[in-house]
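Peer 1: Read off the chains here:
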Amino acid sequence: MFRTFLLPRVLQMIPVLLGLSILIFFLSRIMPGDPVRLALGPEATQEQITQYRHELGLDLPLPQQYSQYMKGLLTGHLGHSLRTNRDVSQDLADSFPATLELVLAAMVIAVGVGVPLGVVAGIRKDKWEDQLTRVVALGGIAMPRFWLGILLQLLFASVFHLLPAIGRGDIHPTQITGLYLLDSLLTGDTPAFWSSLKSILLPAITLSLASLAQIMRLTRSNMIEETRRDYILASTAYGVPRLLIVAKYMLKNAFGTTLTTIGLTFGYLLGNAFLVEVVFAWPGMASYGVEAVIGKDFNAVVGVTMVIGVTFLLTNLLVDLIYGWLDPRIKYS
Amino acid sequence: MSTASRTDLSSVRNEELRRGWTRLKRSPLSIVGLVIVALVVLAAVFAPVLAPYPQDAGPGVHFDRVHKPPSLAHLFGTDDVGRDIFSRSLFGARLSLGLGMIVLAIGMGIGIPLGLIAGYWGRGVATLIMRTADIFLAIPSLVLALAVAAAFKPTLTTTMIAISFSWWPWFTRLVYGEALRIKENQFVESSRGLGASSWRTAYHEILPNLISPIIVKATLDMGFVIMMDASLSFLGLGAQPPTPAWGTMIAEGRQYLPTIWWQATMPGLMILVTVMGFNLLGDGFRDLLDVHADIGEG
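As given, the protein sequences belong to chains A and B, one line each in that order.
So the first sequence is numbered by the numbering used here: it starts at 841 and just counts up by one.
So the second sequence is numbered by the numbering used here: it starts at 235 and just counts up by one.
Just chain B, same shape as in the assembly (with noise of 0.2 Å):
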């Protein structure tokens, strides 16, 4: 490819970069998305910093203020030992995002090579990587997870292997589909008509043209892995106390309700922004790259 041909290609691309921007400002959800998401972040890596009680991150015990109510001094109020809930809620945030982040990384890595072979190379092969997903896709994927989650020690390890394992066929199947679609186009006919090997046209060819969907459906996912980590973690298969997990923070909680209503609600609060944050920036991406490929339920 020529410099020339390189520079129109890449001046294309930022002036759809350019309108895409342009959309996304002109949607406020957006907008709160990506805030929510930039401030969970944030949260997230200077959470030592940011918690006004840092050292409550852990098994601590503080006699002198066990119970406390809401207030400016506690946030979210402290929990059956005493500790500040809205400092452990932060350093949740490093548990979750970090979990969200592996359980994505594992499902793509396997989910889209397979994906992207079944796609491609089709016939024997696509039967039988898609019979297999389709066995993971049987059952809901909080079940599947549980299911996987009995057969190890409940840690954050293992919350993190039962998502992925479920998780991993809803990126092969949206790759899948997409490129099934894009192998009809004629460039990558040329491409195959110029002699270059079947890797190379998946890998220059299909790939590239798979980043927007693969982008918006990760975003969105996100949310949704947060959930589901926090809801393993809820039903006791996932982190320990005290490890300050959301899930975790509320199902300690629970046995105090209804008098001590903060300590079980208040963690809440970060999953329900954090989820929205993710929801809500996914679909400002998918305005923004312009995907309208089936990005499943997640």
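The shape of chain A in the complex, shown without the other chains (with noise of 0.2 Å):
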């Protein structure tokens, strides 16, 4: 299997990752208002301003710079931050746990939720459940993620101050992964725990409600799907009882078409934890990467989009792993 699939699939993504990182390189050094002018000050002279892209190397010509950047990224330097004057690699190191937590946790909302109402909606077709899921799914698509967290901010923050509408919580774990609900299980701090579990839920859910409306909707269909198949047709008239038939048969089988979307999905929540950090003010590597957008950071944009994009790409590979052991009719070829 490593030969016949694994591998290919990894040799696959290195010219898809090498091209994203020259487009990437190439659309950060062509902004306009030197961003050194910019990070030094209107006070900074002709002279310091000549210096200090002297010393980022911005003076060379850009293929020099683009393969400089690929020589420091082969050890670990993802180029030096305008802003926060570090490596950007440090700055990704602090900030990417953040975000790491608010998609697995959106994630883990999306499917938690979704797929038992996509279930429900599937084997209550056309009753009233069904049409309930239909509207939340057709409202939770067509909003806009900024404005359901600026929705959710007031109804539980403002009016009945059960959650915080910002921040990740005042008390913090000990660090071990960088994940603070899981750290503070980890060393069973349970203040800690009640505090990041209290601030991530507005955002959580707010990032997750698109893609739990996908995930229902697409498991209702798959529901029904099955419905139609022969084996249920027979397994009823052989008397095996309704509940055993959708708990055990049917609920697996369209589940594997849902994890083929999980992919996606995950794709699809890191994109939106840039508007949703933002709202929440939630110290992510999405919230550090709007900065940097806005503050012409350009070491540390072309870092956050290419941890992106290795994120992104690793995810699609271990969900198509997944479905092969879970469906042993895929084959690696």
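Derived from the structure by calculation, the hints contain no laboratory data.
Worth double-checking, as some hints may not be accurate.
With a straight-line Cα cutoff of 27 Å, these simulated BS3-like cross-link-like pairs (lysine-lysine) come out [said to hold, decoys possible]:
id: 1; chain 1: A; residue 1: Lys-1088; chain 2: A; residue 2: Lys-911
id: 2; chain 1: A; residue 1: Lys-1092; chain 2: A; residue 2: Lys-967
id: 3; chain 1: B; residue 1: Lys-259; chain 2: A; residue 2: Lys-967
id: 4; chain 1: A; residue 1: Lys-965; chain 2: B; residue 2: Lys-259
id: 5; chain 1: A; residue 1: Lys-1092; chain 2: A; residue 2: Lys-911
id: 6; chain 1: A; residue 1: Lys-965; chain 2: A; residue 2: Lys-1088
Bear in mind that the values here come from a model prediction, so they are computed numbers and not experimental data.
Put the two chains together into one complex, using the hints given.
Peer 2: Next up, the structure:
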């Protein structure tokens, strides 16, 4: 399996990532309004600007800058950030776990709520349960993420004072993985766990809603398709209880198809994290990325984009592997 | 082609359309979508006439009516300098629809020919085109659009370029897949056998069969493009104040939360309704035109 499936897939990723790095690198280097001038402020003399540009290697021809960047990449350096004055790799290492935690939490909600609701809608087709989920799905997909975030903040933070409107909680656990929920569980730190849970709830729900709606609709149509299969008719004729048929056979088959979309969902959540993190002042890689884009911090823009590209491609690879493992009929060729 | 067979073909097409219309009529949600889209288009076209305070689209200041809550005089309330938010939202529809149409025109103008070339000619060209499309699809559209937006000054044109940049590969992929499928049909082979050139075959035999999936995708995408435009302008990378772009208006209103709740929330209603309208209409078209193609996430 490694030689026929995994290796070619990994090799295929290399030209894509290389192409992406070239695309983003050159885009980031044509930024107008000289980022260096912006970083040094209006007081800087022309000499200081020239000097700093030289230090950053910005006076070299573009292809040479790119090859230097790639050399740095091999040693784990992503270039100097104009805003934080650190290497971008350090900034990303600090902010990536927060984004990962948010995206994973949203994924858990999207699958954990979307699949059961989809099953209910599927077996109660055209009944009120089905109609209700249809309305939720319509709204969930068409609602702008940042707007939903603002509404939830108004409702749960300003009106009912139930949950914090912004941030990642007041009590932080000892850092192990950087995922606060996991870390507080590992260290048995109950106050930190509650604080982290309360603060992640609103952003995670905001982020998950559209994906939840999509997963719900997909599970529904898969369940309806399964209902029409011969084996269901046969099992029913044999007198197998309905609940057993749904839970044991239909769900397993319907879930397989849903799983294939999880890779796409992950990418979708990563993209929309850029909006949700800004609304909830979530200290993750996405809000770092938005600041980098606004502040013309060119190395940070390239770094964030590349990390997202790699994460997205790896997730899709992982999903393909799990899918093959769940469904042995799929041949890796 | 003789006149007789052409009449036959058009009567078949009319019959199909009639059946499709019956299907569409039976689905109330598609009608809702159609009505919403019609209303938004009307609002966009006639914004200067329909808006109760058309002069508020610009940078005007009215200190006598700052931050008035929604009422009959001001349906969506007024903003921090006293402008009528409902009037501004109507003008926002103009910007959103205009931008959506331009982005889709650019996306289709680049994406469809490339997909057709890759799908019909295949081989090396296909590899080159599809691998390039893969690069653009390797990161979520919003992130790519952000990276592109970073390279330019934040304006409406920047958003337009940024979204178009990340949109064409979706059309390329759709057309590529469909062209591969259609290519295997006998009528394509006959056309080739009769001595038609590759271009002629691609244009006259393959492209017409692609129109339905493209219409469905374009309608659904209109909603998603409007959403992405709003997202980019919300992040401060699109049209700048005082332009009445929906995303920009929400971003401006955020600083007055939670007391002045209407300034940031009301323009969002317009996005929600518009995007929902295009989604419903797109789904309706899918039934009407009987499209089974994989439209993609958009």
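Peer 1: Checking one constraint from the list: CA of Lys-1092 (chain A) to CA of Lys-967 (chain A), max 27 Å. Satisfied?
Peer 2: Measuring from Cα to Cα gives roughly 23 Å; hence the hint holds.
Peer 1: If you draw a straight line from the CA of Lys-1092 (chain A) to the CA of Lys-911 (chain A), is it 27 Å or shorter?
Peer 2: With a Cα-Cα distance of about 47 Å, the restraint between Lys-1092 (chain A) and Lys-911 (chain A) is violated, given a limit of 27 Å.
Peer 1: Given the hint that Lys-1088 (chain A) pairs with Lys-911 (chain A), test it: the Cα-Cα distance must not exceed 27 Å.
Peer 2: Outside the cut-off at roughly 53 Å; violated.
Peer 1: Would you check the hint for Lys-259 (chain B) and Lys-967 (chain A), treating anything up to 27 Å between C-alpha atoms as holding?
Peer 2: holds (21 Å)
Peer 1: Does Lys-965 (chain A) pair with Lys-1088 (chain A) here, judged by a C-alpha cut-off of 27 Å?
Peer 2: holds (19 Å)
Peer 1: Would you check the hint for Lys-965 (chain A) and Lys-259 (chain B), treating anything up to 27 Å between C-alpha atoms as holding?
Peer 2: holds (21 Å)
Figure legend: structure checked against the earlier numbered hints; hints not met, in rising order: 1, 5.
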